[in-house]
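A.B. asks: Here's the letter readout for the chains.
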Amino acid sequence: MAKSIDVSDLNIYYGDFLAVEGVTIPIAAKSVTAFIGPSGCGKSSFLRSLNRMHEVIPGARVEGKIIIDGNDLYGAGTDPVAVRREIGMVFQRPNPFPTMSIYENVIAGMRLNAKRMKKSEADDAVEKSLRSANLWAEVEDRLRRPGSSLSGGQQQRLCIARAIAVEPQVLLMDEPCSALDPISTSAIEDLIHDLQHDYTIVIVTHNMQQAARVSETTAFFNLSAVGEPGRLVEYGSTTKIFSNPDNESTEAYISGRFG
Amino acid sequence: MATRTRSEHPPVRRGDRIFSATALGAGILILLILAGVAIFLLVQGVPGITAGRGSLSGRDSFWAYVGPFAFGTVFASIIALVVAVPIAVGIALFISHYAPRRVALALGYIVDLLAAVPSVVFGVWGITVLSPALVPIMQWLEDNAGFLPFFEGPTLTSGRNMFTAGLVLAVMILPIITAICREVFLQTPRLHEEAALALGATRWEMIRMTVFPYGRSGIVSASMLGLGRALGETLAVALVLSGSAIYTFNTLAAENSGTIAANIALQFPEASGTAVNVLIATGLILFVITFAVNYTARKIVDRRSEFSGAN
Numbered sequence: 002m003a004k005s006i007d008v009s010d011l012n013i014y015y016g017d018f019l020a021v022e023g024v025t026i027p028i029a030a031k032s033v034t035a036f037i038g039p040s041g042c043g044k045s046s047f048l049r050s051l052n053r054m055h056e057v058i059p060g061a062r063v064e065g066k067i068i069i070d071g072n073d074l075y076g077a078g079t080d081p082v083a084v085r086r087e088i089g090m091v092f093q094r095p096n097p098f099p100t101m102s103i104y105e106n107v108i109a110g111m112r113l114n115a116k117r118m119k120k121s122e123a124d125d126a127v128e129k130s131l132r133s134a135n136l137w138a139e140v141e142d143r144l145r146r147p148g149s150s151l152s153g154g155q156q157q158r159l160c161i162a163r164a165i166a167v168e169p170q171v172l173l174m175d176e177p178c179s180a181l182d183p184i185s186t187s188a189i190e191d192l193i194h195d196l197q198h199d200y201t202i203v204i205v206t207h208n209m210q211q212a213a214r215v216s217e218t219t220a221f222f223n224l225s226a227v228g229e230p231g232r233l234v235e236y237g238s239t240t241k242i243f244s245n246p247d248n249e250s251t252e253a254y255i256s257g258r259f260g
Numbered sequence: 007m008a009t010r011t012r013s014e015h016p017p018v019r020r021g022d023r024i025f026s027a028t029a030l031g032a033g034i035l036i037l038l039i040l041a042g043v044a045i046f047l048l049v050q051g052v053p054g055i056t057a058g059r060g061s062l063s064g065r066d067s068f069w070a071y072v073g074p075f076a077f078g079t080v081f082a083s084i085i086a087l088v089v090a091v092p093i094a095v096g097i098a099l100f101i102s103h104y105a106p107r108r109v110a111l112a113l114g115y116i117v118d119l120l121a122a123v124p125s126v127v128f129g130v131w132g133i134t135v136l137s138p139a140l141v142p143i144m145q146w147l148e149d150n151a152g153f154l155p156f157f158e159g160p161t162l163t164s165g166r167n168m169f170t171a172g173l174v175l176a177v178m179i180l181p182i183i184t185a186i187c188r189e190v191f192l193q194t195p196r197l198h199e200e201a202a203l204a205l206g207a208t209r210w211e212m213i214r215m216t217v218f219p220y221g222r223s224g225i226v227s228a229s230m231l232g233l234g235r236a237l238g239e240t241l242a243v244a245l246v247l248s249g250s251a252i253y254t255f256n257t258l259a260a261e262n263s264g265t266i267a268a269n270i271a272l273q274f275p276e277a278s279g280t281a282v283n284v285l286i287a288t289g290l291i292l293f294v295i296t297f298a299v300n301y302t303a304r305k306i307v308d309r310r311s312e313f314s315g316a317n
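One line per chain: the protein sequences are A and B, in this order.
Take the first sequence: its position 26, counting from 1, is numbered 27 in the working numbering, and each next residue is one higher.
Take the second sequence: its position 177, counting from 1, is numbered 183 in the working numbering, and each next residue is one higher.
Check each hint, because a few of them may be wrong.
From the structure, some residues in chain B lie toward chain A, with a derived Cβ separation under 8 angstroms [what the hints assert, rightly or not]:
1. 197
2. 198
3. 200
4. 201
5. 205
6. 207
7. 211
8. 216
9. 219
10. 220
11. 224
Hints were generated in silico from the structure; no laboratory data involved.
Every residue, glycine too, gets a C-beta built ideally from N, C-alpha and C.
Given these sequences and hints, build the entire structure.
C.D. replies: Okay, structure coming up:
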């Protein structure tokens with residue numbers, strides 16, 4: 002189910018503006034890869050290019066190659082809709098569908114894939130996904146309540162349940178805890194820990210302790226000056242990046258000294 | 007503190023006080039105007055409700071007199087709504103989610119321009135252009151869908167029937183419905199749209215999952231505003247339709263139900279005495295119908311407010 006990703010020489014543009022330049026990185030299957038770096042360095046743009054969410058912004062495009070399990074993500078015959086069904090995404094702010102109940106939120110993605118679903122199948126899928134997201138115990142008696150009635154941390158776990166309900170190969174997380182309190186953050190980090198046995202996870206985070214806690218591989222992005230494109234400075238095992246990085250700017254960023 | 011003696015109330019800034027007084031004044035004013043209209047309708051209309059045969063064009067009671075017109079009003083408005091709402095939603099969706107920005111902008115202006123056309127122009131256009139143009143379509147409907155009570159026929163050769171009146175009304179209410187729907191659709195949170203897209207929704211699926219549910223109450227409100235305009239529209243209907251006091255679902259034939267507003271406009275110049283009161287009483291009925299429509303719409307919108315995304 003989980004798949005590895007190979008990115009080579011990727012440039013990301015917004016119109017004529019080159020936002021990210023020359024990213025080459027392998028992302029291992031069934032592991033957690035964290036992207037760290039200052040704001041505006043292109044980590045989120047890069048993350049969004051991994052499931053072609055990038056291109057929903059008018060004028061945005063990419064150059065270069067992303068290969069997922071031998072398939073070219075940006076190949077001529079690749080349907081972005083199909084790509085997004087395989088590569089799930091969790092956003093910075095929890096975004097359950099406000100017009101749907103908790104139950105409907107979880108199976109929203111499955112409904113897209115299979116229009117006709119038996120009631121029992123749907124029930125099972127909802128329970129399985131919510132259990133995987135460590136949310137089942139908290140919501141099992143109010144599945145018909147609106148998703149927006151939950152707390153922020155619960156909503157984010159609902160979004161994760163929704164994303165994994167379709168059993169994607171890769172799960173992308175764009176600062177999933179930045180809007181949450183420490184307790185909810187800890188719940189999500191535990192969840193990421195459990196999920197990596199089944200999924201390839203890529204997470205963008207501003208919280209370096211979080212990167213150190215959850216990831217096996219860390220990639221550091223930086224930009225040399227405002228207006229310059231962001232670049233991948235280096236990547237490696239999280240232990241190495243946090244203890245003995247090759248690049249000086251990585252060390253400066255991690256230790257809190259900038260520039 | 008110098009003003010310690012009056013510290014029971016927190017201090018209020020002058021700007022706040024002026025603003026709240028202005029807002030309160032405006033709120034009271036709208037209630038006064040509404041009450042004034044209602045009182046006028048009641049005082050002048052009640053004698054009409056109890057009027058005798060002489061002032062009722064030969065009808066036995068006021069209710070027998072107003073009934074067909076009330077029916078015609080609602081019927082014409084519903085035709086307009088049924089035709090206009092799907093088109094308006096389609097245009098609004100095209101402008102908000104499909105068209106390139108420049109096309110969307112131009113189309114938006116054109117739709118707004120349509121709202122600025124005076125209703126008398128629509129009426130004249132309905133008589134001279136639309137009704138003759140529609141006759142072949144009506145004929146076709148009569149031949150092929152004549153089993154439906156709406157298209158029983160026989161088709162009026164001038165084309166100036168309920169069918170045309172309904173379509174003219176539809177064109178008239180199209181801009182307001184489109185404009186509101188477009189605004190509502192544009193306000194769909196980007197976050198929700200992206201959530202749908204990230205699950206692998208196509209654009210149409212994304213619209214069904216996020217834009218429509220989010221804009222549902224907006225579509226209902228827009229339709230009700232359109233319906234309100236259609237219910238009260240006078241000139242266009244008065245010009246196109248020669249309404250009579252009958253009940254009929256047949257939209258194609260020569261005999262059509264009139265509408266309250268058009269009836270008032272056509273009869274008022276020649277009315278005198280109690281007949282004036284009768285016409286005002288029909289206006290009161292129209293007021294009640296419009297009020298009921300708005301109230302119902304509000305109820306529909308409120309029913310699932312918990313799921314509206316407003317919380």
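A.B. asks: Hint by hint, say whether it matches the structure.
C.D. replies: Hints versus structure:
Among the interface hints, the one on residue 197 of chain B holds; its C-beta lies about 4 angstroms from the nearest C-beta in chain A, closer than the 8 angstroms criterion. Interface restraint check for residue 198 of chain B: the shortest CB-CB distance to chain A comes to about 6 angstroms, inside 8 angstroms, so the restraint holds. For the restraint placing residue 200 of chain B at the interface with chain A, the shortest Cβ-Cβ distance is roughly 7 angstroms, inside the 8 angstroms limit, so the hint holds. For residue 201 of chain B, the interface hint holds, since its Cβ comes within 8 angstroms of a Cβ in chain A; the closest pair sits about 4 angstroms apart.
A cut of 8 angstroms between beta carbons decides the hint on residue 205 of chain B: the least distance to chain A is about 4 angstroms, and the hint holds. Given hint, residue 207 of chain B at the interface with chain A, holds; its Cβ is 6 angstroms from that chain's nearest Cβ, closer than 8 angstroms. The criterion of a C-beta within 8 angstroms of any C-beta in chain A is met by residue 211 of chain B, whose closest approach is roughly 6 angstroms, and the hint holds. The beta carbon of residue 216 of chain B comes within 7 angstroms of a beta carbon in chain A, closer than 8 angstroms, and the hint placing it at the interface holds.
At a threshold of 8 angstroms, the smallest CB-CB gap from residue 219 of chain B to chain A is about 3 angstroms, leaving the interface hint in force. With a cut of 8 angstroms, the hint placing residue 220 of chain B at the interface with chain A holds, because the nearest CB-to-CB distance is about 7 angstroms. For residue 224 of chain B, the suggested interface contact is broken, since its CB lies about 13 angstroms from the closest CB of chain A, more than 8 angstroms.
Hint check: a violation occurs at hint 11 only; the rest are consistent with the structure.
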